[in-house]
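S.K.: Chain residues, written in single-letter form:
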Amino acid sequence: MGLSWASAASPPSHTITIEDMQFSPQTLTVKRGDRVVWVNKDLVPHTATAAKVFDSRSMPPKASWSYVARKPGRYNYICTLHPTMKGTLVVE
Amino acid sequence: MNRTLKTLALSALTAAALTAHAQGSGPTDPQIAAIVVTANQVDIDAGKLAKSKAHSKQVKDFAQLMITDHTGVNKSASELVHKLNVKPEDNPTSESLKKGGEDNVAKLKTLKGADFDRAYVDNEVTYHQAVIDALDKTLIPNAKNEELKALMVKVRPAFVAHLEHAKQLQASLGKSGG
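From first to last, the protein sequence lines stand for chains A and B.
Note that my numbering has the first sequence beginning at 78, numbered continuously upward.
Note that my numbering has the second sequence beginning at 6, numbered continuously upward.
Source of the hints: derived by calculation from the structure; they are not laboratory data.
Just so you know, these numbers come straight off a predicted model, no measurement behind them.
Hints should not be assumed to be uniformly reliable.
Said to hold, decoys possible - As a list, the in silico BS3-like pairs of lysine-lysine whose alpha-carbon atoms are at most 25 Å apart: (1) K139(A) with K117(B); (2) K88(B) with K104(B); (3) K117(B) with K88(B); (4) K56(B) with K114(B); (5) K53(B) with K65(B); (6) K148(A) with K163(A); (7) K118(A) with K80(B); (8) K118(A) with K88(B); (9) K159(B) with K139(A); (10) K108(A) with K148(A); (11) K56(B) with K112(B); (12) K80(B) with K142(B); (13) K58(B) with K142(B); (14) K103(B) with K114(B); (15) K118(A) with K159(B); (16) K53(B) with K114(B); (17) K139(A) with K118(A); (18) K103(B) with K53(B); (19) K80(B) with K104(B); (20) K114(B) with K139(A); (21) K88(B) with K56(B); (22) K163(A) with K172(B); (23) K118(A) with K163(A); (24) K58(B) with K172(B); (25) K62(B) with K163(A); (26) K62(B) with K172(B); (27) K139(A) with K88(B); (28) K53(B) with K142(B); (29) K104(B) with K142(B); (30) K118(A) with K154(B); (31) K159(B) with K163(A); (32) K129(A) with K80(B); (33) K117(B) with K62(B); (34) K159(B) with K103(B); (35) K112(B) with K154(B); (36) K142(B) with K163(A).
To be verified - On the chain B side, residues computed to face chain A include the following (Cβ under 8 Å): (37) S81; (38) E84; (39) A119; (40) A166.
C-beta: ideal position from N, C-alpha, C; glycine also.
Could you build all of it, start to finish, from the sequences and the hints given here?
M.R.: What follows is the structure, given as structure tokens:
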């Protein structure tokens, strides 16, 4: 098949930092097919979980989790461990 | 009866703040380190009891979260203390925190079911509020070492999130009414 232009370049990657018990940025908008990486900079474990869409499961401190956003939509997610932590991922 | 325990936990931390004001000098870094480690340990111990004794799943889950998070905080605190070569020094505040924690566990052991859940969660609300107040008024302002100060600033949001979480639980369980 050979290399197509699409596979030659890796998809754009976006980082969501988890720090001070918050997702930052709180709302992130990406294009379909982009990669989103959550990085836990807190001293306690966290998750990034949108019910039935994506679930990082427990990310220990200093760990990260990546997700390729394939399905367009607006997804509210939480940390299931700390339900006061909320974020939104918008996939265009 | 539960009020007595709340007052105990609260008074230990408030005493630290008052003593600091009265003497014009707050706790030293080794004393602050002991207070931080003890405060976390007290909540880990209560969490361990609640994890096995709590009636509702959400209270059990919260207890597990307290064990995990406060263990994580204490791990970082221990690493820092080791790195800085600070030897945590027991002091009246850390001692009375410890005593308050032991009294709380003893009290909780006499309770069952929904009564246990409410008493545990009520104490968690009071405890986290007291720790946040102590961090703001005494521990963070008095820390001399910048890394020790930074660690407390970094853990503060976790205590705030726990407080909100405990308040939500408290509301869903219904107020105990004392």
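S.K.: Grab the minimum C-beta distance from A119(B) to chain A and call the hint holds if it beats 8 Å, violated otherwise.
M.R.: It is violated, given that the least Cβ distance between A119(B) and chain A is near 21 Å, above 8 Å.
S.K.: Could you grab the alpha-carbon distance between K159(B) and K139(A) and see if it respects the 25 Å cut-off?
M.R.: Given that 25 Å is the threshold and the Cα spacing comes to 14 Å, the pair holds.
S.K.: Verify the proposed pairing of K117(B) with K62(B), using a straight-line Cα cut of 25 Å.
M.R.: Given that 25 Å is the threshold and the Cα spacing comes to 14 Å, the pair holds.
S.K.: Does K80(B) lie within 25 Å of K129(A) when you go C-alpha to C-alpha?
M.R.: 34 Å, violated
S.K.: Take the C-alpha atoms of K103(B) and K114(B), compute the straight-line distance between them, and say whether it is at most 25 Å.
M.R.: At roughly 17 Å apart (the allowed maximum being 25 Å), K114(B) and K103(B) satisfy the hint.
S.K.: Is K88(B) within 25 Å of K104(B), Cα to Cα?
M.R.: Roughly 29 Å between the alpha carbons, so the hint for K88(B) and K104(B) is violated.
S.K.: Straight-line Cα separation of K80(B) and K104(B) no greater than 25 Å?
M.R.: Holds, at roughly 22 Å.
S.K.: Regarding the pair K62(B) and K172(B), is the alpha-carbon distance no greater than 25 Å?
M.R.: 16 Å, holds
S.K.: Could you grab the alpha-carbon distance between K118(A) and K80(B) and see if it respects the 25 Å cut-off?
M.R.: Holds, at roughly 15 Å.
S.K.: Going by Cβ atoms only, is S81(B) closer than 8 Å to chain A?
M.R.: At 5 Å from the nearest chain A Cβ, S81(B) passes the 8 Å test, so the hint holds.
S.K.: Tell me if the straight-line CA distance from K142(B) to K163(A) falls inside 25 Å.
M.R.: 29 Å, violated
S.K.: Does K172(B) sit within 25 Å of K163(A), going by the straight-line distance between their CA atoms?
M.R.: 17 Å, holds
Going through the hint list in order, the structure does not satisfy hints 1, 2, 3, 13, 20, 21, 28, 32, 35, 36, 38, 39.
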